[in-house]
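Trainee: The residues making up each chain are set out below.
Number of protein chains: 2
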Amino acid sequence: MGRENELAQLLHYISDAYPGHLTILDAKRGDIGSTAAYYAQEAYDRYGADVVTLNPYLGYESIEPYLAYADKGVVVLCRTSNADSNWLQNDPNDPLPVYQRVARRVKEWNTAGQCLLVAGATYPEELGVIRRLVGSMPLLVPGIGAQGGDLAAVMANGVDTAGTGLLISSSRGILYAGEGESFADAAGQAARALRDEINELRTG
Amino acid sequence: MGRENELAQLLHYISDAYPGHLTILDAKRGDIGSTAAYYAQEAYDRYGADVVTLNPYLGYESIEPYLAYADKGVVVLCRTSNADSNWLQNDPNDPLPVYQRVARRVKEWNTAGQCLLVAGATYPEELGVIRRLVGSMPLLVPGIGAQGGDLAAVMANGVDTAGTGLLISSSRGILYAGEGESFADAAGQAARALRDEINELRTG
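Here the protein sequences come in this chain order: A and B.
Take 139 as the starting number for the first sequence in the working numbering and just add one per residue.
Take 139 as the starting number for the second sequence in the working numbering and just add one per residue.
Treat the hints as calculated values from the structure; they're not laboratory data.
Please note: incorrect hints may appear among the correct ones.
Any copy, or any two copies together, can satisfy a pair, since identical chains are not distinguished.
[Stated by the list, open to error] Below, in silico cross-link-like pairs of lysine to any residue (SDA-like), each with a Cα-Cα straight-line distance of 25 Å or less:
| hint | residue 1 | residue 2 |
| --- | --- | --- |
| 1 | LYS210 | ASP222 |
| 2 | LYS245 | TRP225 |
| 3 | LYS245 | ASP229 |
Keep in mind that this is a model prediction, so the values were computed, not measured.
Sequences and hints are given; from them, build the entire structure.
Mentor: Here it is in structure tokens:
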């Protein structure tokens, strides 16, 4: 690419400077197969991301092209952290709530160990249901920090049998921890504080 | 913007050169409210699109920021044209299939007449159900052409009481109608042929 945009520059900087670190492109893509194939190329080839977030509304056809990249991963939205989505994701009238259908399907699609699920920290009970459905599949957990998720409840319900398996994400809580010249220090402090809090809950 | 990308240049060209034409940005966005607000700004301000397609999986919070633009519109995915999505959108075990919940919700959200729904041509029966649920709301109908949707069935099931209300979209069928120097002529011919076919079915 001759003219890389800022996002591509940032992702390539991260993978060059910190080769052991995983990059997750939170694009929440969801499109028909022919379009999904180009979005997969964009995420993995253009941006060089290791993992991309995907929306399950269009089904397997919209996920499959990403799984063709053997050394890459996908995170499928399952139980998102926000409000206002129960009527779709978790309607008590459904014999099997949609988020549980998504968890079961993604477990089936995960033949090569490329899949993760989004399970919001704001719904720790459903996080526990998802954990029981998918075994040791890693879960990406947004909603800690600005969205007010309960970290202790997330740990209690979400860890796998090895006491791990959670990618706990605080975005705004770290990114906007401070302003001005000290923003990077403040972000670093917020990230380390959250890490310590998680580790205390692991050994507790 | 100092450095507009090709998509922005194209959309601004269309709105400058053909001011009466509607532009629909098929971005299929679906994210939490704080992020959705920036995606709305991108679609409407940066790209200058009139309408943007949205995914309903995250609920109202992911749609609301777009509706704040009073002179702009949204198209919410309801029954998509692709296969492999029945288990989520139209599971016969659900007391109310998800696509029908989406249609009902979007009708509620449509207080200012800004909303449309995607109803794929490949499922003309569900298209008829959606039409009955949403009255005269316009429907965007992909799946004609490359995806093999049945135009006559779409017209029979999808038009509103005034015999209109459908935005029938053939993308690949027109875009790739021809190759080489004559591609624009071939695309024009394919578009006019589809238009004529639609109009025959309207008066027939």
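Trainee: Each hint needs a verdict: does it hold in this structure or not?
Mentor: Now for the hints, and whether the structure bears them out:
| no. | hint | result |
| --- | --- | --- |
| 1 | LYS210 with ASP222 | between (32 Å within a copy, 23 Å between copies) |
| 2 | LYS245 with TRP225 | both (23 Å within a copy, 15 Å between copies) |
| 3 | LYS245 with ASP229 | both (21 Å within a copy, 19 Å between copies) |
In summary, the structure agrees with every hint in the numbered list given earlier.
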